[in-house]
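Engineer: Read off the chains here:
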Amino acid sequence: MTDTTTISPAATERGPVPLPLSLARLLVVVGAVGTIASAFLSWTWTSDFPGDLTVYGYPAGLQILALVGGVLTLLFGLTLWDVKWLRWLNPADATSPVFLTALSAFAVCWFTGIAIAVDLGGLVNLDPGAYVAMAASALPVAGALALPHPAPGTGIRGYLTKPQLPAPTKVSALTERVIITVGVALALLAFTYGIGIDNDASETFIGYLLLLVFAAWGLMHTGLVDRFATTAAHHKGFASALAFVAAVVFPFTQNDDHNANVGVNILIFATVALGLNIVVGLTGLLDLGYVAFLGVGAYAAALVSGSEYSRFSGVHFPFWAAALTGMAASLVFGVLIGAPTLRLRGDYLAIVTLGFGEIFRITVNNLDGTSGPNITRGPNGITQIPDLNIFGFNLGDSHDVLGHSLGRFANYLFLMLIVTAIVVLVFTRAADSRIGRSWIAIREDETAATAMGINGFRVKLIAFALGASLAGLAGTVMAHVNYSVNPQPYQFAGAAPPNSAFLLAAVVLGGMGTVSGPLLGASVLYLVPEKLQFLQNYELFAFGVALILLMRFRPEGIIANRRRQLEFHETGQLDVPAQETLSDDAAVTKAGA
Amino acid sequence: MTTPVLEARDVTMRFGGLTAVRSVDFTVNSGEIVGLIGPNGAGKTTFFNCLTGLYVPTEGTVSYQGKVLPPKPHMVTQAGIARTFQNIRLFANMTVLENVLVGRHTRTKEGLWSALLRGPGFRKAEKESEAKAMELLEFIGLAAKRDHLARNLPYGEQRKLEIARALASEPGLLLLDEPTAGMNPQETRATEELVFAIRDKGIAVLVIEHDMRFIFNLCDRVAVLVQGEKLVEGTSDVVQADDRVVAAYLGEPFEGAPGTAEAAEVEAAEAAADAESADAESAADTGSTEADSTTKGEAQ
Numbered sequence: 003m004t005d006t007t008t009i010s011p012a013a014t015e016r017g018p019v020p021l022p023l024s025l026a027r028l029l030v031v032v033g034a035v036g037t038i039a040s041a042f043l044s045w046t047w048t049s050d051f052p053g054d055l056t057v058y059g060y061p062a063g064l065q066i067l068a069l070v071g072g073v074l075t076l077l078f079g080l081t082l083w084d085v086k087w088l089r090w091l092n093p094a095d096a097t098s099p100v101f102l103t104a105l106s107a108f109a110v111c112w113f114t115g116i117a118i119a120v121d122l123g124g125l126v127n128l129d130p131g132a133y134v135a136m137a138a139s140a141l142p143v144a145g146a147l148a149l150p151h152p153a154p155g156t157g158i159r160g161y162l163t164k165p166q167l168p169a170p171t172k173v174s175a176l177t178e179r180v181i182i183t184v185g186v187a188l189a190l191l192a193f194t195y196g197i198g199i200d201n202d203a204s205e206t207f208i209g210y211l212l213l214l215v216f217a218a219w220g221l222m223h224t225g226l227v228d229r230f231a232t233t234a235a236h237h238k239g240f241a242s243a244l245a246f247v248a249a250v251v252f253p254f255t256q257n258d259d260h261n262a263n264v265g266v267n268i269l270i271f272a273t274v275a276l277g278l279n280i281v282v283g284l285t286g287l288l289d290l291g292y293v294a295f296l297g298v299g300a301y302a303a304a305l306v307s308g309s310e311y312s313r314f315s316g317v318h319f320p321f322w323a324a325a326l327t328g329m330a331a332s333l334v335f336g337v338l339i340g341a342p343t344l345r346l347r348g349d350y351l352a353i354v355t356l357g358f359g360e361i362f363r364i365t366v367n368n369l370d371g372t373s374g375p376n377i378t379r380g381p382n383g384i385t386q387i388p389d390l391n392i393f394g395f396n397l398g399d400s401h402d403v404l405g406h407s408l409g410r411f412a413n414y415l416f417l418m419l420i421v422t423a424i425v426v427l428v429f430t431r432a433a434d435s436r437i438g439r440s441w442i443a444i445r446e447d448e449t450a451a452t453a454m455g456i457n458g459f460r461v462k463l464i465a466f467a468l469g470a471s472l473a474g475l476a477g478t479v480m481a482h483v484n485y486s487v488n489p490q491p492y493q494f495a496g497a498a499p500p501n502s503a504f505l506l507a508a509v510v511l512g513g514m515g516t517v518s519g520p521l522l523g524a525s526v527l528y529l530v531p532e533k534l535q536f537l538q539n540y541e542l543f544a545f546g547v548a549l550i551l552l553m554r555f556r557p558e559g560i561i562a563n564r565r566r567q568l569e570f571h572e573t574g575q576l577d578v579p580a581q582e583t584l585s586d587d588a589a590v591t592k593a594g595a
Numbered sequence: 024m025t026t027p028v029l030e031a032r033d034v035t036m037r038f039g040g041l042t043a044v045r046s047v048d049f050t051v052n053s054g055e056i057v058g059l060i061g062p063n064g065a066g067k068t069t070f071f072n073c074l075t076g077l078y079v080p081t082e083g084t085v086s087y088q089g090k091v092l093p094p095k096p097h098m099v100t101q102a103g104i105a106r107t108f109q110n111i112r113l114f115a116n117m118t119v120l121e122n123v124l125v126g127r128h129t130r131t132k133e134g135l136w137s138a139l140l141r142g143p144g145f146r147k148a149e150k151e152s153e154a155k156a157m158e159l160l161e162f163i164g165l166a167a168k169r170d171h172l173a174r175n176l177p178y179g180e181q182r183k184l185e186i187a188r189a190l191a192s193e194p195g196l197l198l199l200d201e202p203t204a205g206m207n208p209q210e211t212r213a214t215e216e217l218v219f220a221i222r223d224k225g226i227a228v229l230v231i232e233h234d235m236r237f238i239f240n241l242c243d244r245v246a247v248l249v250q251g252e253k254l255v256e257g258t259s260d261v262v263q264a265d266d267r268v269v270a271a272y273l274g275e276p277f278e279g280a281p282g283t284a285e286a287a288e289v290e291a292a293e294a295a296a297d298a299e300s301a302d303a304e305s306a307a308d309t310g311s312t313e314a315d316s317t318t319k320g321e322a323q
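Protein sequence lines, in the order shown, are assigned to chains G and W. Going by this note's numbering, the first sequence opens with residue 3, and the numbers climb by one from there. Going by this note's numbering, the second sequence opens with residue 24, and the numbers climb by one from there.
Any given hint could be a false lead.
[Said to hold, decoys possible] Label pairs and their calculated CB-CB ranges:
hint	chain 1	residue 1	chain 2	residue 2	range
1	G	Ala218	W	Gly142	36 to 44 Å
2	W	Lys132	G	Leu427	16 to 24 Å
3	G	Tyr311	W	Gly39	57 to 65 Å
4	G	Gly546	W	Arg236	57 to 65 Å
[As the list claims (entries may be wrong)] Some chain G residues well away from chain W (every beta-carbon gap over 12 Å; in silico):
hint	residue
5	Gly59
6	Ala62
7	Asp129
8	Ala137
9	Leu211
10	Ser242
11	Ala248
12	Ala352
13	Asp370
14	Thr372
15	Tyr540
16	Ala548
[What the hints assert, rightly or not] Stretches of chain G that chain W covers, calculated by requiring three or more beta carbons in the stretch to come under 8 Å of a beta carbon on chain W:
hint	stretch
17	443-453
18	456-469
No lab work stands behind these hints: they were computed from the structure. Virtual Cβ for every residue (Gly too), placed ideally from N, Cα, C.
Make the full structure from the sequences, and use the hints.
Structural biologist: As structure tokens, then:
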């Protein structure tokens, strides 16, 4: 931080808006303050618009988001004045974070204005506050465009490409832990806010997504996200323990059990995605029928749950036995599917797994007593699965803990958290071992891997079986959470998770080969269809568009694995010492000679 | 001293109607560096792939230390034959150290359970593997770059790393497929030193190479493969002196080729032509000097 030189304004190219530098800085700050102030005004006259934006002096819904955007813009705007205690926010002295945060507030305000006009039928429905917000939020964008250009000669693209960052300064271990704690708390806050948005208030959720995307983008440009990632990697145990604590705290922040239900489903989805990550992310096997393993686990658990609709209704296993049964059933199924298919490579494997995934669903549909033996009750499924009872603790009842009443779904959330923790542990330990290295070697170059003495088939089968049994484990909990199992969700592609396409998308979107990637990807992919219900039939279309955009702009996923990042961005020498560039030049000349 | 490490008996490899390797007998003795040369498309790499189990030979057997090798690459490596590839096949997105650790796969046996439970046995094995891998990296001189991704290494170092990775499986025989392809003379010499050092460790080496100087400096014995058949085998002097080898590389004189008489005729004709052109030149020279003098005179 100390050795960065301030950019001399005379020498560098200026942005497209022709304004003096001092005026540009002033515009940013004044606009930010204006945006903040506008959040306290009324934006529309009626409470018909979701979130009730009519009250003076009390921001709500989208106004809170505008307020956050305004505060962020103000903070980054102030870094332009060399405010000492804000230097850490923008160590590179870059223009693009200012531009992007300004854009976040601008996007929220203008989206709200347009949404009010469209929803309620005309601009007449806008109160002065909305006009103030729209005008004020536009000022910082204009101001940021008058600041020195971040990468001269690149036009508008320069504002969107990440600037060169100075090497971060060393801080004490205690400070690093504080940073992690603050980061996790902020993440919990953002997540809780997002999950708490009313399902009917799609407008608010879109505003939330806009703010989140632009703000995260801006933070990435300051290097703060990278620094947080390296800090968290430094204190791995502390960071993961804290993330676990944050997840445990989550149900206590909710008054309504509905959000805990959403949380449980996200966790189930995320856990299965993490299991798939072993197969896809580490071993590089494209499995398009993975959801079948979740189904096997769920059906196995349902059959031994003691439900009166189960074929074996007399059998009632305790949870640990049911979990083992589900895992074992998925394991056997995984080996049965894997043994013949894993001899194939690439596209062939993908097609065969897709086929097997569908075979599972169709078979379960037909084991109804008419088309085949009655085991699964066909499309009716197995219903009335009783709640779990662990050590005399009935997960179906609500319990009072620390003066807070925790409902049924909160109980299952805690159970699922333990399952997720186990899966995370299995994933990280397996990845960092002899077997994990052989998985990655197979992914990188199967021929070379076998020439190094790796039995490709055996190692791939282990990955397949491990992934399957982890999905089966999640399935056993899912059967109990949903009271019933039926074949419908276990298809290749559908409008709502879990299905194989969404699981794969969660892994790819989040970041292959990482732990936090699939967790984040699963949360996004579960919450977005849940909150944007107006999309309905266009959900898959929107999903497709989102995936295309992601693959264009961030092919390594939201959370990038170090390996993947280098794979997709050849120039990004992130993890190597300074001498690397030198030897790279040498390599070019040698190869050319 | 000269116990055979590798013995290929009557190895034939056919791809449909094409016979790439035709009944080749081949032996590598312990402590030996053997070269395998031949023009492009002679079947060297195919023969290599037969040895390492990547291809199953149509006929014949390959045995290592008296035991017939199973036709599976990973079992061949397990038995004690390691190889490198003609076009480098490192695990590009793994670090240098991880690449060598993968090479140790056959010499460790910690499975999934020990990885999940992380008992003392697992830690000990991991530590040992890492120590062995670091030893090898020091041997080839890449210890300082242990945490670099393999893809970021310069070309020559990638070649070296591939050799280190192969050595990590503690082989009795190392197969090098064109180890100096694309290298400059200095790097080639360094590779030569490296191969000698590997031999000094008691590992027999079989090298495919096109660089003749490299091969003849290095090898105790050289075999020449032409159109799938072994043409000659012997010390470098024997191979270098063999007309058939030269013919295989440069082509044989075809039927009805110009004989000595024609050659003499051509020479005579050339000599005559030379003499003529020399005359013409001198004539031109004198002419030009005359012309020069006249122009000079006029000017004066």
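Engineer: Decide, hint by hint, whether the structure agrees.
Structural biologist: Right, here's what the structure says about each hint:
1. G/Ala218 x W/Gly142: 36 to 44 Å: holds (41 Å)
2. W/Lys132 x G/Leu427: 16 to 24 Å: 23 Å Cβ-Cβ, so the 16 to 24 Å window holds.
3. G/Tyr311 x W/Gly39: 57 to 65 Å: holds (59 Å)
4. G/Gly546 x W/Arg236: 57 to 65 Å: The hinted range 57 to 65 Å holds for glycine 546 of chain G and arginine 236 of chain W, with Cβ atoms some 59 Å apart.
5. Gly59: holds (55 Å)
6. Ala62: holds (48 Å)
7. Asp129: Label holds. Min Cβ-Cβ 55 Å, cutoff 12 Å.
8. Ala137: holds (49 Å)
9. Leu211: holds (32 Å)
10. Ser242: Nearest chain W Cβ is 16 Å from serine 242 of chain G, so the label holds.
11. Ala248: holds (25 Å)
12. Ala352: holds (21 Å)
13. Asp370: Consistent with the label, aspartate 370 of chain G stays out of reach of chain W, its closest Cβ about 37 Å off (over 12 Å).
14. Thr372: The claim stands: threonine 372 of chain G keeps its Cβ more than 12 Å from every Cβ of chain W (closest is about 42 Å).
15. Tyr540: Per Cβ check, tyrosine 540 of chain G is outside 12 Å of chain W; nearest 37 Å; holds.
16. Ala548: holds (26 Å)
17. 443-453: holds (count 8)
18. 456-469: holds (count 5)
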